[in-house]
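FYI, the numbering for the sequence shown is 1 to 390, going by our numbering.
Hints were generated in silico from the structure; no laboratory data involved.
Don't be surprised by glycine CBs; every beta carbon is placed ideally from N, CA and C.
You may find that some hints are simply not true.
Said to hold, decoys possible - Pairwise CB distance ranges, derived in the manner of DEER restraints:
#1 A161 x Q230: 25 to 35 angstroms
#2 E139 x G25: 21 to 31 angstroms
#3 A257 x H24: 20 to 30 angstroms
#4 G25 x R231: 27 to 37 angstroms
#5 T185 x G319: 45 to 55 angstroms
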Amino acid sequence: MTHDAIIIGAGPAGSSTAIALAQHGWSVAMVEKVAFPRRKVCGEFMSGTSLALLDQLGVGKTWRAEAGPEIRRVGFFSGDVSAEARMPRARTGLGRALGRDRLDYVLLQAAERAGVEILQPCKAVAIRRRDDVQFVTVEAGQQQQVLSAPVIIAAHGSWEAGKLPSQIERASQPSDLFGFKAHFTGAALAPDLMPLLVFPGGYGGMVTADRGRVSISCCIRRDVLSGLRQRSGNSAAADALSRHVVASCRGVGTVLAGAELDGPWLAAGPIHPGIRAGYDQGIFRVGNIAGESHPLIAEGISMALQSGWLLARELTASGKGHEGTDEAGRRYEREWRRQFSTRLRAAALIARIALRPGSAAAMRAVIKSFPAALTLGARLSGKTRPVPGF
């Protein structure tokens with residue numbers, strides 16, 4: 001089965017790429033191993049910089065109707081310190097949060113309306129190249145088939161394990177960060193506030209998403225989590241983490257007092273922050289697999305959507321077929337770094353401070369005295385940086 005492009009992964013990065021290419025007349029197949037809707041470890045906030053892009057992708061109206069309230073304040077919960085400051089406003093508006101169980105499904109439906117062929121649940125198990133064509137072997141149940149296209153796009157995220165050439169291999173380290181996420185109902189978080197959480201060995205965030213759910217997401221070091229579990233009698237990882245966060249951040253305990261867990265905790269990882277090749281071995285990369293920010297800046301969804309848009313723009317400028325893909329790859333990598341490198345470096349710096357033993361106290365002192373530092377941090381993280389072309 002031949003297409004102009006095959007995309008592996010149907011999250012925000014994959015779907016935005018698929019929709020944008022299909023809108024320019026490309027024949028696109030998108031392969032996704034999990035049936036939607038599904039929950040996913042994610043902070044769920046999307047900054048206002050991507051609102052015009054959502055409209056272009058055909059989902060802006062639905063997103064505005066269903067997402068949580070506008071986030072007008074950025075906050076900070078750590079130890080006994082609770083602080084807040086103004087959230088900087090993008091020209092296109094303020095950010096809001098929509099659960100990934102809903103957002104990804106809405107984007108997938110938009111891709112289908114745009115003419116994208118959806119293979120789901122279906123897993124890509126091998127990629128091989130012959131001359132100017134690449135062949136992707138996909139598997140659904142016990143059945144396999146081979147798709148072919150001159151353009152292959154990896155949008156499967158950095159957590160995906162397997163043997164595809166676009167997937168990351170990495171040895172386990174004590175400093176590895178694992179992500180956790182849960183929804184709560186009846187929480188006492190101010191609807192327009194999104195606080196950063198800093199606790200020993202990790203960091204996190206909270207935001208009010210759709211249907212009044214409060215989403216809490218956290219990252220914690222492997223060695224710190226292991227110690228917490230041992231001290232609590234080898235309790236479940238999520239239980240050990242949640243008790244640690246509540247005990248370490250008074251603001252979190254206040255918000256969650258009387259709240260009820262809405263579904264189980266989710267866990268994933270380890271995360272792989274950093275900038276990677278956007279085009280390698282003839283495969284384009286979008287979303288986390290192209291480059292991953294520390295989640296504490298809450299830019300993952302925006303970066304995923306925008307990276308897909310940037311790649312589609314460069315590919316359509318080069319035209320269909322293999323000819324010109326190398327040049328499109330070079331242009332895409334340049335644009336990716338121009339758009340995202342500053343926020344990744346800012347996130348790495350803030351995360352290094354938050355995770356360093358003893359630094360949280362200094363961080364609390366600074367923010368308690370100068371809460372406007374939260375506004376500056378949000379600006380550096382890309383909350384007002386426009387998407388090229390919008």
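Going down the list of hints, with the structure as the test:
1. Judged by the Cβ atoms, the range 25 to 35 angstroms given for A161 and Q230 holds: they are separated by roughly 26 angstroms.
2. Between E139 and G25 the beta carbon distance is about 29 angstroms. The supplied range of 21 to 31 angstroms therefore holds.
3. Between A257 and H24 the C-beta distance comes to about 51 angstroms, which lies outside the given range of 20 to 30 angstroms.
4. Between G25 and R231 the Cβ separation comes to about 59 angstroms, which falls outside the hinted range of 27 to 37 angstroms.
5. Roughly 50 angstroms separates the CB atoms of T185 and G319, a value that falls within the hinted 45 to 55 angstroms.
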